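> Chains E and W supply the protein sequences, listed in that same order. Residue 525 is where the first sequence ends in this note's numbering, and the numbering goes up by one at each step. Residue 525 is where the second sequence ends in this note's numbering, and the numbering goes up by one at each step.
Heads up, a few of these hints could be off.
For chains that are exact copies, the list does not tell them apart, and a pair is met inside one copy or across any two.
[As the list claims (entries may be wrong)] Calculated lysine to aspartate or glutamate pairs in the EDC-like style (CA-CA distance at most 20 Å, straight line):
#1 K243 / D127
#2 K349 / E499
#3 K192 / E92
#4 K456 / D318
#5 K293 / D200
Read the hints as simulated data drawn from the structure, not as lab findings. Nothing here was measured: the structure is a model prediction, and the numbers come from that model.
There are 2 protein chains.
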Amino acid sequence: MKPWRGIQGSAEARPDEEEALEVARVAIVGAGSVAFSVSLIRDLCVEKDLWGSTVVLMDIDKERLGLVHGLATRYARETKADLRFEATADRKEALEGSDFVVCSVKVGGYEGMEKERKIAERYGYQGGIGDRVSDYYGGIGAYYQLKFFLDLARDMEDACPDAWLIETANPVFEGTNLVARETKTKVVGVCHGHLGYKEIVKTLGLEEKDVDALVAGFNHCVWLLRFLHRGEDAYPLIDRWIREKAEKYWRSGKFQKPRFPWEGEQLSPSAVDMYRMYGVFPIGDTVRSASPWWHHTDLRAKKKWFGPMGGFDSKIGWSRYLELREKGLKKRMRLFSDPTASLTKEYPPVMSGEQHVPIIDAIANDKERTLELNVPNMGSISGIPDGVVVEVPAVANGKGIRGMPVGELPKRLMLGVMVPRMLRMERILQAFLDGDRKGLLLEILEDHRSTSFERAKAMLEEILAQPWNEEASKHYKWAR
Amino acid sequence: MKPWRGIQGSAEARPDEEEALEVARVAIVGAGSVAFSVSLIRDLCVEKDLWGSTVVLMDIDKERLGLVHGLATRYARETKADLRFEATADRKEALEGSDFVVCSVKVGGYEGMEKERKIAERYGYQGGIGDRVSDYYGGIGAYYQLKFFLDLARDMEDACPDAWLIETANPVFEGTNLVARETKTKVVGVCHGHLGYKEIVKTLGLEEKDVDALVAGFNHCVWLLRFLHRGEDAYPLIDRWIREKAEKYWRSGKFQKPRFPWEGEQLSPSAVDMYRMYGVFPIGDTVRSASPWWHHTDLRAKKKWFGPMGGFDSKIGWSRYLELREKGLKKRMRLFSDPTASLTKEYPPVMSGEQHVPIIDAIANDKERTLELNVPNMGSISGIPDGVVVEVPAVANGKGIRGMPVGELPKRLMLGVMVPRMLRMERILQAFLDGDRKGLLLEILEDHRSTSFERAKAMLEEILAQPWNEEASKHYKWAR
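The following block holds chain E by itself, in its conformation from the complex:
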């Protein structure tokens, strides 16, 4: 989309004058997130219509950056993809002239988070405060993530005012709302959670191609609003599965001995219970994030509702996740450091199912695609204000992205889950934007596990007093 510029240190030769038009310039901020970058690079290499693009890998971790740059170059060579890869640790340089900026940054890593979780557990918050004040999104009040998103989007206003920010780092809901409200940068949130409906399709023994599924809501709070099989309502098939097969499924090895802590979550007793409560099935992360407090009171409850690991965010599930993460990273490192290994053998050149590259392709090449995206509501979901970001089917093409109408959600779901979740987002943003410590504390007090004002306050203070929270502690002040 921009005239091609010579790139120092590029693995590619300068193309002929004929080919000198760049299809798109894509910056990946936080490219050191190896697993994520591998998917993205793979998809970029597979989507031939994006060949001729430049991909700028940016991370402050130069070692990881070098590693990802190396494997990107190798993967492109193996697939013969015509892509140019740059690598930089300078964010502004990465943004300059970009058409798309993909953000997958997790500020500060996992270490502090784990310590905060242990502090919270001493105060009776099993598994940490959770996403109530977003501690698993990196720091209390999601401070460091939100701060980063805002800085990035503001930098983009100068460096690439026409670019799209493809926000894939959590919290997507709070983050996309913040950027959409506070900056001029075009932002779209991307998650793969909505694909959870495929687990239902598979478990029911249906074929994906016969199914029409409408999933919508807020990020991590999405619901199967329409579920058709060969044009007919397939909810009765779910009902029959619950009546006749659910118990057996919950006793089976798949559910009782999961390999991953999130395995089985999509059809867990919690998901079925939520379906009974709200009339539509929760999809993907929703099962964990939007389930009611009594599914999370303690490990026993978590095991009852989410299976033997107690779900992804239980003590057991989360340790297992960190373990798997470590193992996966080591495996990848071994692979990447072996120059004789075939990357395409390990990662076959097919689309990963992630939506980042399809969005870029749709917009850069004006190829209309319907995706599942986080965009300002503008009437898609009835009863949600226009400015609030929703996760809905959206049409992307050369003109941009527009959410499609979804209509009304069941009333009990709106009043019991959706509006309260929206309110939580508003409170987190209020506390962040006003630097309001009292706002944070009041949000913690809303947690059903909070037993007294004094204990909640003491926990907040202890977490904010940790060395890595110095900046957050300065930001959140006791105001009138």
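For chain E, the structure is supplied; the task is to place chain W on it using the hints.
Showing chain W alone in chain E's frame:
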């Protein structure tokens, strides 16, 4: 406003043809609420511009009705007020041709309520479920009250389509929203809670005439948004009182030995704490109804925040209230049954401070007055949907009633109290309108004192199984 019609059994003679135009026809539904009716009748007799009106007293309790009719006639005779009083046990007859219908009905009395409170306490809900599912408004889910309001408003659509329903029975917030949305009847909600600001004025040693106070919010959730003394911000005077005098006040006899359970509530530690949390002072019933859960965990907490009786809705406070209520009723009965007693001596003919008669006077006689009323928002409070009823300063005159602009409330108050309170109203109405037992249960589970799904459900079922709840139990079904 309507041609005068002959009234059977009226204590008054038929007036001359000259005077045959009725100023207004006012129906009081639930006129057997003696204390309330006395204020209303007194105000009607005092406001000379309403002389020439007909007042229809309606109640299904004929004994009480006879009593109130007798005292109304006596009070009018003592004050020489030119009013005609009718009495009927037939609601439709009372409504027919009315210009104003004042509703002060409490369906089912207090006995069932007290039993429900005891059931709830066995499940750990100190003082009953409270206004969360509106048990102190008469029955779980406020069912009987809401049902009555709706039936009354629908009857009015036929019997007196141009009349105003002046809703003063609780829950005013849920009730006025229900009627405004579901019927064509014009409704206005009336409460005296906003007058609580006068207690602050008095305690600060100021003169009411020098003070300009703006109080707004939802009924029982109103806030001192502006507080001027001789044109200058008087909040610093409250701040100084808190710093220098609050502790002494809380140790004083007025606070330590209250005559009424609500005495001292306006300037209680709870009110001051809420002011610190939300930046504006809570007024009237707000202190009890909108205070956070940790002010209400148990009797000890209630005593700490509301004084030695633990506030109006504690075990102690409520027993004391019922006792005082009983005593007051007996005293009134003695007075009314003594035909030689002077009613005006006991109830001097001055305006009571209630707003019902001023509304009637303003509309019937086109006398513009600014009152504090519950009307659909229409932009008065920023960020609240137009259709939701708010309690705001409102101008009443011959054209009707219109709320005045109030502007923005502090953000932390909006997100932490106002929107959640609105959401609770929406959930209570959803459960009521859909006959949705699950909705009721989910609402109880939102209560911070709920410790498990099973216990909350058992409590709900036990309450609904009480003989007086047979109709409610049929109404609220387990739906998908």
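> Now look at each hint and say whether the structure bears it out.
Consistency of the hints with the structure:
1. K243 / D127: neither (33 Å within a copy, 77 Å between copies)
2. K349 / E499: between (31 Å within a copy, 14 Å between copies)
3. K192 / E92: neither (33 Å within a copy, 62 Å between copies)
4. K456 / D318: The answer is within: 17 Å in one copy meets 20 Å, while 34 Å across copies does not.
5. K293 / D200: neither (54 Å within a copy, 55 Å between copies)
Consistency note: the structure conflicts with the earlier hints numbered 1, 3 and 5.
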